[in-house]
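K.L.:
Read off the chains here:
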Amino acid sequence: MSKEKSPYVYAALSLALLIALIALPLVLKSGYLVHILIATGMYTALALSYDLIVGHVGLLSLAHPAFFGVGAYAAAIAATRLGTPFLAAFVFGGIVAAGLALLVSFPFFRLAGASFAIGTLGFALIMQLVANNSIPLTGGPLCLMGVPRPRLTIPPLLDWQVSSTTEYYYLMLALLLVVVALCSRLTTSRVGRAFISIREEETLAMASGVNPLKYKTFAFVIGALIAGSVGAYYAHYSTVVCPSDLSNYMTTVLVIILFLGGVGRMRGVILGSIIFTFVPEFLRIAATWRMVIYGVLLLVTIVRMPEGLDGMLTKTLRRFPFSGTSARGPENDQR
Amino acid sequence: MRTSARPRKRVPRPQTSPQFKEARLRETTGKQGLIKPTDWKGRVGMTLLETRGLTKKFFGLTAVDSVDINIEPGELVSLIGPNGSGKTTLFNCMTGFLDADGGKVYYRGGDISDLPAHEIALLGISRTFQQARIYRRLSVLENLLMGVQEHQGDSILDRILRTKKLNRLEKEAIERAEELMGFVGLTHLRDQPAGNLSYGQYKLLVFAAALMPDPDLLLLDEPAAAINPTMINKMKDHMVELNKTGMTILFIEHNMEVVMDICERIIVLDAGRKIAEGAPEAIRNDERVVEAYFGR
Chain A
9 MSKEKSPYVY
19 AALSLALLIA
29 LIALPLVLKS
39 GYLVHILIAT
49 GMYTALALSY
59 DLIVGHVGLL
69 SLAHPAFFGV
79 GAYAAAIAAT
89 RLGTPFLAAF
99 VFGGIVAAGL
109 ALLVSFPFFR
119 LAGASFAIGT
129 LGFALIMQLV
139 ANNSIPLTGG
149 PLCLMGVPRP
159 RLTIPPLLDW
169 QVSSTTEYYY
179 LMLALLLVVV
189 ALCSRLTTSR
199 VGRAFISIRE
209 EETLAMASGV
219 NPLKYKTFAF
229 VIGALIAGSV
239 GAYYAHYSTV
249 VCPSDLSNYM
259 TTVLVIILFL
269 GGVGRMRGVI
279 LGSIIFTFVP
289 EFLRIAATWR
299 MVIYGVLLLV
309 TIVRMPEGLD
319 GMLTKTLRRF
329 PFSGTSARGP
339 ENDQR
Chain B
241 MRTSARPRKR
251 VPRPQTSPQF
261 KEARLRETTG
271 KQGLIKPTDW
281 KGRVGMTLLE
291 TRGLTKKFFG
301 LTAVDSVDIN
311 IEPGELVSLI
321 GPNGSGKTTL
331 FNCMTGFLDA
341 DGGKVYYRGG
351 DISDLPAHEI
361 ALLGISRTFQ
371 QARIYRRLSV
381 LENLLMGVQE
391 HQGDSILDRI
401 LRTKKLNRLE
411 KEAIERAEEL
421 MGFVGLTHLR
431 DQPAGNLSYG
441 QYKLLVFAAA
451 LMPDPDLLLL
461 DEPAAAINPT
471 MINKMKDHMV
481 ELNKTGMTIL
491 FIEHNMEVVM
501 DICERIIVLD
511 AGRKIAEGAP
521 EAIRNDERVV
531 EAYFGR
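So the protein sequences, as listed, match chains A and B.
The first sequence begins at 9 in this note's numbering and counts up one residue at a time.
The second sequence begins at 241 in this note's numbering and counts up one residue at a time.
It is worth saying that the hints were derived from the structure and are not from the lab.
Do not rely on the hints blindly, as some may be mistaken.
Below, computed lysine-lysine pairings styled on DSSO-like, alpha-carbon distance capped at 27 Å [to be verified]:
1. K474(B) with K222(A)
2. K344(B) with K297(B)
3. K484(B) with K474(B)
4. K405(B) with K222(A)
5. K404(B) with K222(A)
Since we're looking at a predicted model, the values are computed, not measured.
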């Protein structure tokens, strides 16, 4: 917080960004590119929620695909079997994932460090097995199909049948804005400070009256709530939910996004999500070289920017008004 | 530290929670804002902290061996003893960072033996650590704010919604932090990441952070260790000054000059046992103490 940035500059920039995001699908005109944008949006929301747990509280959880998948399945089952309207199915997906997170947090938070990572990994694998094998509930490897397209109805105000890709994009954008608002509120408030205190020095945090278990559980459950909601959106978007959606590939992508974007910094995480989901899809144009370019990109980032994209950006753009640096960044850690 | 593994047995909480304190103080004085130690001077009569037969064993080794100590309100007491005599372990047992194997800890007459560390902290007991723990990536100001925020009784909802109450509390906390930065002389480093500070400045920051919630009892683990003589004198002055305003202080220290200079009472541990207790003069001439330090 070296220089106070003008709130007007900040507001103007945010507004411009929002308008650009709204206009984007109209400019692109390609359904495929909009589809990539939606995937990017989903990964951004997932990465932000993942960052609450990994970046802020400092727990390497590998259970995120499980919460995403549980949210997706819960919403899909509610929508197909019970005929629940979209909004209710969506909320249901998020709440089921959050409830499950609360339940498993009791055994998980008795583990520390590597054991915690392995425990959550085990949980993710088990959830995938459950999805694969509880055929009456999930349809097993044949997938759960026929999730209806969302119809957003708030009686007097709104009756919106979402069907085109562009409409799905706007739905995603709305969800993403809520997630960004929630995560930024959480991380820049006293809650975020408590999260960081636990990551940095748990013992000292306890001596200051911080209940680590309370905050860890809170971050874990909110992270799962967001992941589950994104899953519920995904179920309605792809209209099919498969056990492979719970695969650990997602964790890999999320870890790449976080560590190359900048752990624990919202801007870095958003930037990382855009680059590392949009770019590999975009590179499909150069099909043969796609994964090679992606790999080289990864290597260059990790070698040239060990603090992530955000760390590098902060260094280069220090005087730019948008780059209001917080004292939290490792670039300030000159020891 | 695995807090979750602690027994979650509920014990009746002594009526000294910050909220209670604050409410009672507002009633009696009509004062608003953070409570200063002076406001409490002379208001408490009973023994502040008391251990009865406190014992801690690490496998075969008895680190603390049925220790009884009493700390009265307003005292400035030092805990000394050779290396490995169990001073820090005793601190950890009293503040809930370690589970004692036997014995009880009472705070204002209430049993706090089974309370987890963070709850004990909220009762008004602040402590520092030997290793000078700080949040390196947070600024000096944020380090101090972190010391008090959990004491102010704002809920997570307040924090997310940024209610008026929260803004008021945060403003109070910042005022208090600035006051304390002035007190220990760190004002010029306000927005520096704490990781950039020197070791002596670490110690001052840790000290100030422990003072943030305005504790009734301050437990310091080697406040004057590994810092230069000027800084030691500063630290001595700070402790005396705080004690004059009514704060009770118990500290572990190896620097005998500091101990003999400012303490009213000294407790000596050796091999986990309390071997002597008394005024500096008496301790200086106590045979058992001399023996513990220099051998027979």
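K.L.:
Confirm or reject each hint.
P.N.:
Right, here's what the structure says about each hint:
Between the alpha carbons of K474(B) and K222(A) the distance comes to roughly 38 Å, so the proposed pair goes past 27 Å and is violated. This hinted pair checks out: K344(B) and K297(B) have alpha carbons roughly 15 Å apart, not beyond 27 Å. A C-alpha spacing of about 15 Å is found between K484(B) and K474(B), which places the hinted pair at or below 27 Å, so the restraint holds. At most 27 Å may separate the alpha-carbon atoms for a hinted pair to count; K405(B) and K222(A) meet this at roughly 22 Å.
Straight-line distance between C-alpha atoms of K404(B) and K222(A) comes to about 24 Å, which keeps the hinted pair within the 27 Å bound.
The structure does not agree with numbered hint 1 stated previously, though it agrees with all others.
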